[in-house]
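From just these sequences and the hints, can you work out the full model?
2 protein chains.
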Amino acid sequence: MDADYGIPRELSDLQKLRSHYHPELPPCLQGTTVRVELRDATTAADPSGEHTIKRFFPHTYGQPLAHFLRATAKVPDAQIITEHPAIRVGVLFCGRQSPGGHNVIWGLHDALKVHNPKNILLGFLGGSEGLFAQKTLEITDDVLATYKNQGGYDMLGRTKDQIRTTEQVNAAMAACKALKLDGLVIIGGVTSNTDAAHLAEKFAETKCLTKVVGVPVTLNGDLKNQFVEANVGFDTICKVNSQLISNVCTDALSAEKYYYFIRLMGRKASHVALECTLQSHPNMVILGEEVAASKLTIFDITQQICDAVQARAEHDKNHGVILLPEGLIESIPEVYALLQEIHGLLRQGVSADKISSQLSPWASALFEFLPHFIRKQLLLHPESDDSAQLSQIETEKLIAHLVETEMNKRLKEGTYKGKKFNAICHFFGYQARGSLPSKFDCDYAYVLGHVCYHILAAGLNGYMATITNLKNPANKWHCGASPISAMMTVKRYGRGPGKASIGVPALHPATVDLRGKSYELLSQNATKFLLDDVYRNPGPLQFDGPGADAKAVSLCVEDQDYIGRIKKLQEYLDKVRTIVKPGCSQDVLKAALSAMASVTDILSVISSPSSVSTPF
Amino acid sequence: MDADYGIPRELSDLQKLRSHYHPELPPCLQGTTVRVELRDATTAADPSGEHTIKRFFPHTYGQPLAHFLRATAKVPDAQIITEHPAIRVGVLFCGRQSPGGHNVIWGLHDALKVHNPKNILLGFLGGSEGLFAQKTLEITDDVLATYKNQGGYDMLGRTKDQIRTTEQVNAAMAACKALKLDGLVIIGGVTSNTDAAHLAEKFAETKCLTKVVGVPVTLNGDLKNQFVEANVGFDTICKVNSQLISNVCTDALSAEKYYYFIRLMGRKASHVALECTLQSHPNMVILGEEVAASKLTIFDITQQICDAVQARAEHDKNHGVILLPEGLIESIPEVYALLQEIHGLLRQGVSADKISSQLSPWASALFEFLPHFIRKQLLLHPESDDSAQLSQIETEKLIAHLVETEMNKRLKEGTYKGKKFNAICHFFGYQARGSLPSKFDCDYAYVLGHVCYHILAAGLNGYMATITNLKNPANKWHCGASPISAMMTVKRYGRGPGKASIGVPALHPATVDLRGKSYELLSQNATKFLLDDVYRNPGPLQFDGPGADAKAVSLCVEDQDYIGRIKKLQEYLDKVRTIVKPGCSQDVLKAALSAMASVTDILSVISSPSSVSTPF
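Chain order of the listed sequences is D and A. Heads up, the first sequence is in this note's numbering, so the first residue is 29 and it goes up one at a time. Heads up, the second sequence is in this note's numbering, so the first residue is 29 and it goes up one at a time.
Be aware that one or more of the hints could be misleading.
Copies of the same chain look alike in the list, so a pair counts if it works inside one copy or between any two.
In silico DMTMM-like pairs for lysine to aspartate or glutamate, Cα to Cα no more than 20 Å straight-line [as the list claims (entries may be wrong)]:
no., residue 1, residue 2
1, K603, D541
2, K445, D587
3, K499, D41
4, K504, E52
5, K82, E166
6, K447, E157
7, K146, E166
8, K285, E411
9, K285, E157
10, K603, E195
11, K205, D615
Source of the hints: derived by calculation from the structure; they are not laboratory data. Just so it is clear, the structure is predicted and the values come from calculations on it, not from any experiment.
And the structure:
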């Protein structure tokens, strides 16, 4: 099997064309001299967790933000790294394949070779298991040739994606030491980057010389916080899904007799569903976050869809397209509670066929109410992160089934007078995950790869490579690095089998912000989407011409560039210092004192633990 | 509802770009003067059915092939049509939406307006039901503006797609008379074109002045015969499906733990599955035609897949991608027989829950053996063409289930030593059907629209618009028209509820020719596909650059241009006549006589009814 990794392969004409595409580097990373500015120490967004995070990360918490600037940038404190001794770096895919992953490795390889041709990049074969077993492939131009700008993770493969147990951490450390690695780059999502931070702390504690760097690559788009604007893979996934969704919309409008229920891969959070809605304008989407916030039951959801179907029928429309995120099922309070009971029993070793009889009365009642196929799926063992096997639970079929039953009832009672309700169900995910990456994902991943090199060259440990201001063209991107521990939060409540992770700092999947601009855009258009069939067909992913440079709608509407604004604030503070120097007038000093007192008062109040709710 | 048809709509950037694309016309159709050559009378490919076809089509059988040539073409007998009195033409979508359908209407509209600005084109709203109810929308440049080169049938919509019963035929005739139509263009597949031929005959018989023209538009690609090389929509469908299949292949190769079972829409025949296999090189495909020819049972198929899984595991490969056409289920002899029994009972009014007890003993045994979900799907009422509801029967889940059971058994017995078998199932169809059409489909459909006009201008009735030599660039395409009745065959055997159609000439779906070049290409590569993972990713549908002008593999490898070769033969015959004129030498005459006697002997033998098996 391993012999197949990284082998050259036959490419289609389009793949060949793409393999010749070369992403642009932002000015700050061009050439071989990069200035590194390390400014203020970072803090966790949720102050209430800070104490715990500090305790878990004594060596790596509170490190400063890093900015990478062009050599000519006029920043007094920045350090120019001019010496580039040869280093050895390892890299691995950790977590589900996301389009663009290969380009991180390509970018890292290019940066390594530009700065010192003697630098060595080793790819671990088969993900974390390859790391533990020290199975490597040296990354060279030849190896990369047929993987540049290509989808999948097949250059190196991936496996179970966990570096968490003592045994796993020790195996990882042994590998880094045996291979004399100066750096270890972990490409993955929320879970893998959490593991990366813990690994970095362990390395710092034990004086292991390998620096650990994380890269935000996940199609779910849920590794989002004040430092991270977007994840590699999300753009492609949403574009491919939107292509398919809008094809289905066109189909619905042509035949006028089907309701399509489409479930979208994306784990617990509904980012993919929201973005696809903004791109393709289906009639409805039900976000897990809405359901959780309004505590909607499965019956509420059914009624809401039935009312929509009925409203459309009154406009003579007997077709429609409804999106459901795969995480929806866990967002429905009573289903979540049922799942927790089931998982608890599974953990106790109760066999699947015995579970029904051991559920609490109310859980048992819900369970027995559900159709046969969905019961079987709810009984599946939970995933390694303690969530249900979301990709295997056909929520779309469950909802379609309940809606159909209700519509037939309404038809019989005469309250619904439209055509007989017909549903067709889909699950979109696997068919998008292996796609050729979009231009944005190619560019973003490639530049992130370069950033990884500069993090290592600066000797930083436990950082994630970050690029901000992404909605602007690549030549305006800001490159930097943030300590992963500063992105962590601590969950204090929980129940069920996941209890073990309570109290341990971790990156948690960012949910859709119901007060954010993307959601606002959806809310404003929801009625129009529902009734007017303003379906939008962005078409298949293009690499040239209109649409090729389009970016995710949610990326473009959100307030962005947190890090740019942090820098702006620092400039203001510097300016105040320059203006209010000893010798300035009484009036100027008075005005400055008054204004600063007011600012500090306001900030103290709104950043006290009691008033903060984590924005992600 | 109707108010929504043909309304201008917001297009995405890519849709806008596409809406400005203008297909090229072959030289023969350029300008306003086209020469029509009507040569030899056509005959049915299967002589044994000829008598019956003649009886059903006394007015429209045996009409000559028509060729459209450029005005300057030196063909002695061709007629130049110079007068173009204003005509009124109706057009409707009939049958499942196929990408490119809109362009037939656009091409027809352009041709009408070029030849006489007073020509009128009426689109029927909502397919055949719009025809019966005489609901029309006049097609204008404004209406077309946002539908050019766009997918779906939403400009006019479509419905049940049948013009067959006396009542339906009479309603159609009434509409044509009331609207004073000179021509009626029916856009559809096998069934709709059969209806078109019968309608043409009826019109001829009753002296209705409306001429009926059919256009081969069906994503299934099964309207294929000596006159028709390809169908509008097939190219797009196969490209979109291949994009998704190859994404799944990349995914399989990255995660290395799943077997993907993908069922493909395409009705009874396996053209879509074959073409997608040739484009994306998955590990396996099981064509319905192979199963039928080898009389494989469902157990044989299971064993065959299990052996493949086992062979791959011996090469350390625990992943794979397997394609199944949706028609497969009907190709399995014992399942087909079971379906016939079920449909018979359903027709007798037996309710679904009672059917199991009334099946014959062997059918009952098979039925009870099948998993619960598939039993429910087999009990669905058959479609209007008497076939099972193929899109609703999850054959891929059935096969995956049976394979999993068998692999677990082998694992237990120790005959299989690979990893635990994991299957993920997909059905690809709806998400491809509404796609933006490929350049080929845009061009092909647009030119077919023009051909329709010339058929009507030449006063032909009961013809299908045909273009041959399609594998070459559009400027080498040959445009013509063939009587639909000449493409018909007569089924003499059959059982079950479909019996009524036995003995009536019809177009039957062309199955994959197991002696054809496309299948040969598959056979040659099958082992390599199975074991070597030579996955090919053509990428998303492009409209520019590499791949944009690619044509279906099966189109390119098949011997083509039947009509071009018919013309070539006529040239040979003409040449013989020129050479062997009275006055030629004894030797020349002797040689000619001997050669011609031999040729006629050979042709008589191989075209006798007993030796002909229909090639489609």
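We went through each hint and held it up to the structure:
{"no.": "1", "hint": "K603 x D541", "verdict": "neither (34 Å within a copy, 80 Å between copies)"}
{"no.": "2", "hint": "K445 x D587", "verdict": "neither (45 Å within a copy, 54 Å between copies)"}
{"no.": "3", "hint": "K499 x D41", "verdict": "between (30 Å within a copy, 18 Å between copies)"}
{"no.": "4", "hint": "K504 x E52", "verdict": "within (11 Å within a copy, 42 Å between copies)"}
{"no.": "5", "hint": "K82 x E166", "verdict": "neither (37 Å within a copy, 73 Å between copies)"}
{"no.": "6", "hint": "K447 x E157", "verdict": "between (55 Å within a copy, 16 Å between copies)"}
{"no.": "7", "hint": "K146 x E166", "verdict": "within (13 Å within a copy, 72 Å between copies)"}
{"no.": "8", "hint": "K285 x E411", "verdict": "between (38 Å within a copy, 15 Å between copies)"}
{"no.": "9", "hint": "K285 x E157", "verdict": "between (49 Å within a copy, 14 Å between copies)"}
{"no.": "10", "hint": "K603 x E195", "verdict": "neither (52 Å within a copy, 87 Å between copies)"}
{"no.": "11", "hint": "K205 x D615", "verdict": "neither (62 Å within a copy, 94 Å between copies)"}
Checked against the numbered hints given earlier, the structure breaks hints 1, 2, 5, 10 and 11 and satisfies all the rest.
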